[in-house]
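Given next are the chains, with one letter for each unit.
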Amino acid sequence: MKKMDSTKRYEILRERMGNGDVDRRTFMGLMGAAGITAGVSGGVMVGMARQARAAGTSLYFEGWGGVVSEALRKHAFDPYEAASGNTVIDSTFGGEGEVLTKIKAAGNTDGHNILHSSGVSWYKRWVDAGYGSELNEANIPNLANVMDAIIKPFRKITPDSLSAVPYDYGTTGIAYNTKHVTKEEAEALGANLLLKKELKGKIGGWGDAANRAWYGALQSDQDPNNITDWDAVWDKVRESRDLVLKYWSSGAELMDLLAKEEIYVTEAWSGRVAALQDQGHPIGYIDPKNGLAWMESMFVLKGSPMAEAEELLNFMLDPATSLAVAEGQKYPSSLDPNKVAMTDMIKALPAYDATGTLSNLVFRDPVVWNPLEKDYTAAWNRIAKGG
Amino acid sequence: MADADAALDRRPWFLLAPALLAIAFLVIVPMSFILVYSFYENVDLAVDKVAFQFSNWQALFHDSYYRVAIWKTLRLSVIVTMLAAVLGYIPAYFIAMTTFRHRWLLLLLLILPFWVSFIIRTMSWIHILGNEGALNGILMWLGLIQAPLQMMYQEGTVIIGFLHVFLPYMILNVYVSLEGIDRNLEPAARTLGATPWQAFREVTLPLSMPGLAAGCLLVFVLTGGSYVTPLILGGPRDFLFGNLIHDAVVSELNWPMGATLSFTLLVLLGLVVVAYSRVMGLNQLSKAFR
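Going line by line, the protein sequences match chains Y and W. For the first sequence, the positions run 100 to 486 when the numbering used here is used. For the second sequence, the positions run 1227 to 1516 when the numbering used here is used.
In short, the hints are calculated from the structure, not lab data.
Think about it this way: if two alpha-carbon atoms lie no more than 30 Å apart in a straight line, the pair counts; the simulated DSBU-like pairs of lysine-lysine are:
| id | chain 1 | residue 1 | chain 2 | residue 2 |
| --- | --- | --- | --- | --- |
| 1 | Y | K401 | W | K1275 |
| 2 | Y | K473 | Y | K251 |
| 3 | Y | K473 | Y | K223 |
| 4 | Y | K223 | Y | K438 |
| 5 | Y | K251 | Y | K438 |
| 6 | W | K1298 | Y | K484 |
| 7 | Y | K296 | W | K1298 |
| 8 | W | K1275 | Y | K473 |
| 9 | Y | K203 | W | K1275 |
| 10 | Y | K484 | W | K1275 |
| 11 | W | K1275 | Y | K201 |
| 12 | Y | K299 | W | K1298 |
| 13 | Y | K473 | W | K1298 |
To give an idea of the chain W side of the interface with chain Y (calculated C-beta under 10 Å), a few residues:
| id | residue |
| --- | --- |
| 14 | N1268 |
| 15 | V1269 |
| 16 | Y1291 |
| 17 | I1352 |
| 18 | Q1376 |
| 19 | M1378 |
| 20 | P1462 |
| 21 | R1463 |
| 22 | S1477 |
The beta carbon of each residue, even a glycine, is placed where N, CA and C say it ideally should be.
Full structure from sequences and hints, please.
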């Protein structure tokens, strides 16, 4: 069950249009229909939905929206609801900071159970803030199929018990419009493609502080997990800022900017680029040397109904479910390819690691990055605004 | 007799009590919490320590970053307000003066945009001004341009977005004011030798000033407190003071600084209302709706 108000419904509709799922005429028609429907039947539907939810346990899930949420809804939540009688009420967040702000303001985790959490850094932050749960792994037998390499960083933070199960991974590489940038040029320039002055006004960027710092490190020839000269990093970030048309903040916005050719190059999430390529857009993708890789988990917040949450996680890690979601959201599954046969589509996804060791990917070291986050986030927010 | 007078004197307070209580609990108490929070200390992301210290306020007063944001906010608010006043007066005048029998239809059209989400209305400009938007499509179809014009993600787009969203507030205020003007006054001025322009400038315009001023106040305050429109339609350097609050609270998870900035914005916009009160008198606001 989707938990959304009319505004969110309109946003999703617009997002689908941005993703290329709906043509303009259908979009306008659905907007009108949605308005009438909301007015005429909204109250009745809300009442019916309340009754339906009362039948089983409700699990509140928050994720990234767009093709990712659609894949989870279609391949994981709908089948789970049919099989269990429980309800998954999913919604989209603008980032985990937003959820943490809400929880902090409310003083409890009511209405928040499972997060599609980004990276080990956020895992550590949730745990450190006291919101980590203790999963009973005996109730999640499918966890045995998950790559050891992807579980290891989480276990390092909470050796006694996990609060999340790793679910997928991907990279933040560089997307380029092949009509304006050749593959050879992109590969030759790597991260410096984003500093090409001739592309001024046609360059985008992800407005995330850690990502900006990571790419600043690459552009200043430093190891992002061992930055020694932060001034050099910020100089590169400023150089990049002066060329950028727009810093995007969501996958849908990224796809919209690239699809409409507002920008020709940008950092990009591998799965969203794969979705654009799937739709026939002339977008290429490279992972530059030391490009940023990340792993996402399904994080269960303290105070959630644990048995039901574990049941859902186990269902989601079932190979049939996990692979279907991976194909839908275009991010490789956390399942070990040495234990579970991957489909050809998954094998062809950007960032896919066939070895099951993730040794070819470079992840952000939370021990290095987390203590610095307060400072580099504030620094980036200033620089983004001309500082 | 004296008892009766005393009871009568207390009556306004009884009548005002619900409104005063609502203001106290919904405005004054929350803002007091925010003020208290501004003295707390942010130790790490999302980790605050109860304290009574002034580092957040010192940063606000000594850091040019915040002064620039205040300047940008005031500047953009003035631009949007002035444009809204000019652009809003014309349709308001038309609606007020029209002899069209179904004037209610025009008013309905005016409030129709409120039925659609503010975010969607803002985002709609991407489909109008974007590379593949309607405007570029028409210009290219007419052969006036060969390649799409870059119109999005600039200050101009942010101003257009604000005008789109806030213009109805201006029109409605001016309309209500114009509606209350005796229709015989302009013809009377004409019979005394005034040209149509003079009659408008010296009779209608001054009499509609309460509505115009009320509209200006609303648009100014609403623009000054915004942050979503620059996020969606602006480029990296297009931001308002509200965006700094968003950064502090959601991105930096620094609530004490966010509280400091929020309280500052409240004071700044409050000062605008005080200035308005000094110049126009707040009672003019009520005149606009008579």
